[in-house]
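**Q** Model the full assembly from the supplied sequences, consistent with the hints where possible.
Listed in order, the protein sequences are those of chains A and B.
Under my numbering, the first residue of the first sequence is numbered 1, with each subsequent residue one higher.
Under my numbering, the first residue of the second sequence is numbered 1001, with each subsequent residue one higher.
One should not assume that every hint holds.
[What the hints assert, rightly or not] A partial selection of chain A residues facing chain B, derived with a Cβ cut-off under 10 Å:
(1) R162
(2) L164
(3) I170
(4) R172
(5) K575
By construction, these hints were calculated from the structure, which means they are not laboratory data.
Ideal placement from N, C-alpha and C gives every residue a C-beta, glycine not left out.
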Amino acid sequence: MRPRFTLSRQLAVERTWPFFIDLSVAAALLAGFYAILWIAKFWFSAAIPEIEIHLAPSHLPLYAFYSIVRIFVAYALSLAFAIAYGYTAAYNKRLEALLIATLDILQSIPVLSFLPGVMLAMISLFPSRQLGIEMGAILLIFTGEVWNMAFSFYTSLKSIPRELMEACEIGRFSRLQRLFQLELPFAAIGLIWNSIVSVANGWFFLMVCEMFPVGSRNYRLPGLGSYLQTAASEGDFRAVTWGLVAMVLIIVVTDQLLWRPLIAWSDKFKFETVESEERVTSSVLHALRNSRVVATIERRTFRPMSEWFYNSLAERKRKHPPQAPRTESRRGVTAIYIAVGLVALAGILFAASDAVRMLRDIHRSEFFTLLAGAGLTFLRVNAALLFASLWTIPVGVAIGFQPRLSHILQPIAQIAASFPATALFPLILLALARIGVSLGIGSVVLMLLAAQWYILFNVIAGAQAIPSELKEIATLFRFSNVQRWTTVILPGIFPFLITGLITASGGAWNASIVAEYFQLRGHTLMTLGLGAQISAASDHANYAVLLAGTMIMALMVVTINRLVWRPLYHLAETKYRLD
Amino acid sequence: MTDPIIQARQVEKFYAQSRDARIQVIAPTDLAIYPGEIVALLGPSGSGKSTLLRMLSGLSRPSGGAVLWHGQDVASTQPNVSIVFQSFALFPWLTVLENVEAPLKARGMEVMDRHRRSLKILDTVGLDGFEAAYPRELSGGMRQRVGFARALVVEPEVLFMDEPFSALDVLTADNLRGELLELWQKKTIPTKAIFLVTHNIDEAVFLADRIIVLGRNPGHVRTDFRVALAQPRDRKDSAFTALVDYIYKVLTQPDVVPAEMPVIAGGRRIRDQRQMRYEMLPHARPGGIAALLELIIDFGGRTDIYRLADELSFEIDDLFPIVEAAQLLGFAKIEEGDAAITPEGRAYAESEILRQKELFRQAAVDHVLLLRQITRALANKSDHSVPEEFFLDMLDEQFSDDECRRQLETAISWGRYAELFDWDDSRRRFVLAEHEHEEIQDRAPEPAK
Chain A
1 MRPRFTLSRQ
11 LAVERTWPFF
21 IDLSVAAALL
31 AGFYAILWIA
41 KFWFSAAIPE
51 IEIHLAPSHL
61 PLYAFYSIVR
71 IFVAYALSLA
81 FAIAYGYTAA
91 YNKRLEALLI
101 ATLDILQSIP
111 VLSFLPGVML
121 AMISLFPSRQ
131 LGIEMGAILL
141 IFTGEVWNMA
151 FSFYTSLKSI
161 PRELMEACEI
171 GRFSRLQRLF
181 QLELPFAAIG
191 LIWNSIVSVA
201 NGWFFLMVCE
211 MFPVGSRNYR
221 LPGLGSYLQT
231 AASEGDFRAV
241 TWGLVAMVLI
251 IVVTDQLLWR
261 PLIAWSDKFK
271 FETVESEERV
281 TSSVLHALRN
291 SRVVATIERR
301 TFRPMSEWFY
311 NSLAERKRKH
321 PPQAPRTESR
331 RGVTAIYIAV
341 GLVALAGILF
351 AASDAVRMLR
361 DIHRSEFFTL
371 LAGAGLTFLR
381 VNAALLFASL
391 WTIPVGVAIG
401 FQPRLSHILQ
411 PIAQIAASFP
421 ATALFPLILL
431 ALARIGVSLG
441 IGSVVLMLLA
451 AQWYILFNVI
461 AGAQAIPSEL
471 KEIATLFRFS
481 NVQRWTTVIL
491 PGIFPFLITG
501 LITASGGAWN
511 ASIVAEYFQL
521 RGHTLMTLGL
531 GAQISAASDH
541 ANYAVLLAGT
551 MIMALMVVTI
561 NRLVWRPLYH
571 LAETKYRLD
Chain B
1001 MTDPIIQARQ
1011 VEKFYAQSRD
1021 ARIQVIAPTD
1031 LAIYPGEIVA
1041 LLGPSGSGKS
1051 TLLRMLSGLS
1061 RPSGGAVLWH
1071 GQDVASTQPN
1081 VSIVFQSFAL
1091 FPWLTVLENV
1101 EAPLKARGME
1111 VMDRHRRSLK
1121 ILDTVGLDGF
1131 EAAYPRELSG
1141 GMRQRVGFAR
1151 ALVVEPEVLF
1161 MDEPFSALDV
1171 LTADNLRGEL
1181 LELWQKKTIP
1191 TKAIFLVTHN
1201 IDEAVFLADR
1211 IIVLGRNPGH
1221 VRTDFRVALA
1231 QPRDRKDSAF
1241 TALVDYIYKV
1251 LTQPDVVPAE
1261 MPVIAGGRRI
1271 RDQRQMRYEM
1281 LPHARPGGIA
1291 ALLELIIDFG
1301 GRTDIYRLAD
1311 ELSFEIDDLF
1321 PIVEAAQLLG
1331 FAKIEEGDAA
1341 ITPEGRAYAE
1351 SEILRQKELF
1361 RQAAVDHVLL
1371 LRQITRALAN
1381 KSDHSVPEEF
1391 FLDMLDEQFS
1401 DDECRRQLET
1411 AISWGRYAEL
1421 FDWDDSRRRF
1431 VLAEHEHEEI
1441 QDRAPEPAK
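**A** Quick look at the structure:
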């Protein structure tokens, strides 16, 4: 029997808390409704290609709101696409190899290469409404967010244990029940971590997707990215500071209100047999779980809806008992596949030959410039990776070896990593210009800024994963510093370092597009490099060069992945595995 | 006799390798499951026990032949069956109750009915009060109870079990076996037949009304007989141990048709499809072989295999590879279910380590074709190294892909121990032992697996 605390203060607090929580949940719902109305009003207003940006801080909340909506609409699209794509790739044996190869290539195409095409298509779809320009920007952000999520979902599906699939089959699960009870839960943790990376990528590109020229026309959307760029161009450092503060706030709030609750919630999807000691906790999740409003909504709407859903699926299944093996219809399906494949092949060949014809427009000297640019960008990317490794490895190991330090620093580093480097670009470029560093060198700094966090995180994780016995042996046998690093630390963090470098290399290549070509104070800063050439071609609607540059970059990225990263990854997986 | 619930007619399973080469996993087999019996399927690893279970339950389609469910093709009906899995196969993100409800949900049962039935079955298997727990909060035995509850809640006509007790500790497994038997005998559950795949002979004799023993390469029925012992059975009973001993004898003599027990329906034996070029290497470690030989010497040079299993508390899948390896190398002989040591075996077991390696090397080269080939190929190559693909290609004609890998792994382990050759894992190549010694002298020792 529980003692009764009728007059206890503690209990009063305990009793009133859910009420406040309910109130805030209700307020949040109302605000969400209002936000949707507002966005709809804006999107369906007449199109204004170049909106004037006000630098007064009072306009900042609205700009931030528009940017956030873009990021999350693009994210929602990415999630839906990733699930559909991953599912198809995992279960359609005929298409699997093709879809995965396509994903590999799409992943290596820089976002800005899509810009002119996507923009023109969207604007001609909704010529008189703001929606067209908005959709263009959103789709661009989408291309920066989607690929890693699709990969993550695909690999999760492929690693579902066979017996769980069999349990679904013998239990006569419908495809949808299997999706909700097995596949999505199994993939949840991977999807959530990739979502964090994706949204960070989204912010990175949002900064450049809100202000851009296509051919002779300039576009500017109201948002945080355009605010920051305008402020930097006009040299208004107060406004720049306000913008950066807003950005930091958004990232902290997203982390606290979205990612932490999600990570804490996803703990139940861990596919492990033992209970883990260390868990992420989130007070927001705790509050939501204890909220009466949320519970009522769940009980009154979601549960009956899902019941109805499963029921109708099961019913339908009963009406159509499975037929005997249909070899004939299978043959029909094969025929359809072949027909569709042939049509697609014809289309692809036609488009490819057209593209090649377009490439003929490129002057030979232009082509050599492209190659020279490719070489320079390659050097810059690797220089950025090298410098990033030089500082992140010692620092990361130092943090990883000291649990208390890592406990304090990791959340901070996580937020720093989510901060889009592109938001700082204008400031850094101005600073570099003041001390007289050219963009050729400066762009390496910008790439470094974009790539270093991936390495740092992985090194910290790697250092933490080194068993303490190995460190004790090094102390016991009085290893010299050099020996410690070469026999214990570097091999120990190797697999993590490689993972970090692979991601960082992708990040640096993508950053080259924005780092080598930047518009500041009304004029364009650029240096020789593939990224600059692609950006310039996109700005000047020079489609032949854009295509050639994109192809060269995709080819280089894919080749480097195959020749360098994949073998290194294999080595890390086999020789340097700690288990 | 009544009509069978499930009848397999000439079912077989093979994987097409190329147009004319295929790997036969299960030879054409006849099998039937009748109402009122617990059938246990026994066999060494690689005999296709699980594959057969999946074909009978309708999970996987046979490459040839047909599985009939009450006389109808299983692919065109929805047989009411369930499976209890070795790994439990529970959804860790669903509570115990949600796990049990999931198959009912799939059948579109109303919420209240579903709850009532699930709670009742949870009560039956002794999980009352655990409805809201997540599987990870439960012990292995409790988890398998959830597995049983999930399988039984749909009131299956045939309950399939794929080594359901082998992931549990001995006491828990014993307890659960007893409870299952009680549910079955008291007819608490409406299930008409149970089909159990196991590699535990003791378990089969304890539970089953009928035992089917499979042979391998390819999988085929070696013998199929009724167990006439009355329930409850006593493991100490002489009839019980005699039956266990008999099954050991059958399993240890792969080439002899078992004769002592009556062979009933479907007990047909099929000869190997083609002449084997490679003998299948049993996956045993050299250290295990030496330990086994010493144990046989302790037993006076000759002993019952099941006594060995008992002494080591090994199940047949653990013990057989070691016994077979000893036999293959000429260190031991198997006669009538007894293992007897040979003079070579005695010499091997009683030597010191360097001499042991020498004897092992001699025996390996004499008796194992694959090792002989690897050594010869290495000697002939000018750089004294051969990639694994070379041997994988040769093994490929005879074994499945997975088995090829395992064969090579075993060959590597034996060859390294015998110092016949070494293996470079990063380049995936065989290299000659002395040759590599000169190259890398201070290389760190391989971590133990």
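**Q** Under the constraints set out in the numbered hints, which ones does this structure not fulfil?
**A** none
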